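Number of protein chains: 4
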Amino acid sequence: MIFRPGLSVAMLTGTTPCWVATQAVSGNGAFARGALPEGLELLVVLGGDGTLLSATRALAGQRVPILAVNLGGLGFLTSVTREELYPVLEQVLDGRHNTSERMMLDAEIIHFSKPAEKQCALNDAVANKAALARMLDFDVAVDGTHVGRYRADGLIVATPTGSTAYSLAAGGPIIHPTLDAFVITPICPHMLTNRPLVIPDTSRVELDFAEGDEPAFLTLDGQIGFQLEPKDRVVITKSKAKVQFVSPPRLTYYEILRSKLRWGER
Amino acid sequence: MIFRPGLSVAMLTGTTPCWVATQAVSGNGAFARGALPEGLELLVVLGGDGTLLSATRALAGQRVPILAVNLGGLGFLTSVTREELYPVLEQVLDGRHNTSERMMLDAEIIHFSKPAEKQCALNDAVANKAALARMLDFDVAVDGTHVGRYRADGLIVATPTGSTAYSLAAGGPIIHPTLDAFVITPICPHMLTNRPLVIPDTSRVELDFAEGDEPAFLTLDGQIGFQLEPKDRVVITKSKAKVQFVSPPRLTYYEILRSKLRWGER
Amino acid sequence: MIFRPGLSVAMLTGTTPCWVATQAVSGNGAFARGALPEGLELLVVLGGDGTLLSATRALAGQRVPILAVNLGGLGFLTSVTREELYPVLEQVLDGRHNTSERMMLDAEIIHFSKPAEKQCALNDAVANKAALARMLDFDVAVDGTHVGRYRADGLIVATPTGSTAYSLAAGGPIIHPTLDAFVITPICPHMLTNRPLVIPDTSRVELDFAEGDEPAFLTLDGQIGFQLEPKDRVVITKSKAKVQFVSPPRLTYYEILRSKLRWGER
Amino acid sequence: MIFRPGLSVAMLTGTTPCWVATQAVSGNGAFARGALPEGLELLVVLGGDGTLLSATRALAGQRVPILAVNLGGLGFLTSVTREELYPVLEQVLDGRHNTSERMMLDAEIIHFSKPAEKQCALNDAVANKAALARMLDFDVAVDGTHVGRYRADGLIVATPTGSTAYSLAAGGPIIHPTLDAFVITPICPHMLTNRPLVIPDTSRVELDFAEGDEPAFLTLDGQIGFQLEPKDRVVITKSKAKVQFVSPPRLTYYEILRSKLRWGER
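Chains as they are written, first to last, in the numbering used here: chain L, 292 to 557; chain A, 292 to 557; chain G, 292 to 557; chain C, 292 to 557.
Honestly, the hints are just simulated from the structure, not real lab data.
Check the hints yourself; a few may be wrong.
[Unchecked claim] Using 25 Å as the maximum straight-line C-alpha spacing, the simulated DSS-like pairs for lysine-lysine come out as follows: (1) L/K551 / C/K551; (2) L/K409 / L/K529; (3) G/K529 / G/K409; (4) A/K551 / G/K551; (5) C/K533 / C/K409.
Every value quoted in this text rests on a predicted model; they were computed, and no experiment measured them.
Pulled out of the complex, with its shape left as it was, chain L reads as follows (with noise of 0.2 Å):
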């Protein structure tokens, strides 16, 4: 990708609820979130995780590096500081800069038989109970094969990308980003065997809530939310979408989760 000086830049930041084009992309100096301008050669997005994550699910398909500054600190995903915004974005601009590429996946929720509603996710789909319920139970299957019937909190499938996140914190391992895989990450299992699943990403993983049971409700990346009827399932597979983010110029993988993890220094 070669860039030049007419870049056509969109820029998006945690507070506003607009995207901001720093020059003419397509006639318009500001759009609403959904209403990605087209033409878009980078797109810079300044804030946390959370305004990351809404920025990838509406890009997602096209093929737009995402350089992503983290305003607060050091994300996982956001490693660009500060400091290091212009310096990145010159290497940019001359196209010297490395992109690295995240998998998404693909959320769709199955009503009678139908297909309802489809999202994509970069972090992780999650099927949770009720603020009040006691329990969920149902079903998970890959590929057709009854994996088994749960009784939990909920269940977590994660990219790799998604590990990192809410995944970590009910059990589930670090995956690294460049596996091809997903995790299957129980939440408070009552089954104390039912431990956390990393299965290749060509699975297709059903979970099918029972009838008559409490309410379960789906959320993706903790952002999109959908509240499930009785026997509806929820299918997940990767997504045709991927994301590229433009790389910070010096930390690698292991290093920004030794820091973020607090791991010990040498």
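Position chains A, G and C against the provided structure of chain L, taking the given hints into account.
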């Protein structure tokens, strides 16, 4: 306590919404769950742990022993099986039975510095996020000392009896029922070092929810629920109420534990 | 046991310290475990996971399928039961059987910058402290990048096959056998944030032990052990050797998992 | 360092293998670690948790308060910093200091039904497998009741004080020091339901090792070790000995906890 032919017994089952007195107690054969007959000398509860928990709270404060019969199998609490019911009943009538006492906890909601609700629980008081919310942010203090700010799905304060229920699923330890203790178990804490904490049951545990935050919910024994308002405080202390269970004829605590958790046999 | 004329079969059992060729393979009926007969077309292993692990390492590098029969019950690896032995053998003789391939790892000890020992393993390579020592202090690097300094009882590097063995007991996730991955699971880490890490199997994992520290030990598949010298380095990579198992007639991976871990049935 | 005439003080440091009495105690200025001077009124320990643990065991049974100074930073036990040493010493000389008492445990090895060794510990008694062994197989009984057969790397029986040491790394809970309890924490148990168990400190915990099994090792406070013989029994009870620590001037237990575990601040 000496039993006699005219023993006043009531019975509660999981499927009927009322008490059924097996013989004349105070001139009536059926009672609303909340309206416990007076002069009761024994309560027989047929059902699972859920039925037993609601019976326990209804009795709280009265020293009426509970004879719990688990129709479905072996429960942590209800360890008298269907087959053992009559032999144990005869023991009770002869005054040859043993009882074991279990502590309960009180949870009080403080709204604008005023007590708003107070409930007791045998197992646990649980503060929880809403189904579609991302996380709760709250402070925990014990006896007026700040313990920590938690970012988590919620927090469980459990009695020893409750330590084998929800708290266990959330990663808590098993606490022997004679220990004078609470366990504070965070649910999916963001901070991986937020580990379960076992404290004396003389402690006063306070949860404070930040203003402007996601709504939090409080559940007692997974059965009674409240939505908390911003700035509400929840205070948990040992209850004056205790509950007495008629002991099963043979099993010790460790035998029940080993059986329920399917630990290896000798 | 009658085999088709021409099929070269050897058999290994857990109780005998030798191979027993069930028909003339290379002119002899018994072999030392290390001396595998040439021209072998099938290896039948009767025993538990331990016997199978040693057979696997002996075969490493040769493409001889293993028909594993678990005499004691269902194993993670050896899922053909005693009853299924003859039907499966007939499938093999008819060439109607399926096989599944499992990756292995190589662990190499580097002593004063020179390769000193190299062994392959099907399940795991484990670095461990001495029984009376307090803790190991070591550095982990992946592909030349420092991952972290660990203070722990030890560290497990497991294949997907080994993820349901020792690594699971140490808190690791379950990894599907077709995933091209290692899992690095610390044993009782002092730092609570040192969580299991799943990485591509193309990674080169290096463990460096500090000078003057407690002695460390390296174990392969829990069967072959070495005492490490101070300043030794252990390097773990994917092995060129793979192992092929004759697939059991009916059970899928998830069915074996559900059965072994006693997950709930539908 | 000037002490009030008459106060008998000894000092222990981590680097010297002897006691150094800062003034005439019983006619001598230096003592072997095991030979504690008589008539001692205060023991000052300079060092880390390891030095303090050995001082504690040497003192066991004598009611001499320990003033522990952590030269390296904040320790769980030794919370008086270098800067606080003199102010706290002055409080001690004036009799204005507070002390906190901590329970200890006794571990006894029974060899062929006869007591063979007995040691006390402030933190924990740990049964452990040999470095190259696969697993230990042992039975745990409490007060004569069989709790379970464990297949694990080992088992930790910890005091509340020890709950933040090795037991925490093995997955155990944090136990408040005033709670009259032990925690039994298995190390990498094969059975995933073998969870930490908190029991009254009046309990008698017995570990029985199977005949013909791998050798087991017993360690007290990570400092004193024994190799067990087959069929040996280890019995753990509360010690009559207690230890008294001079309280640090400001920090509460929860503050030390929050700081050591890096929990979030308000």
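Q) Looking at the structure, which of the earlier hints fail to hold? A) No hint contradicted; all consistent.
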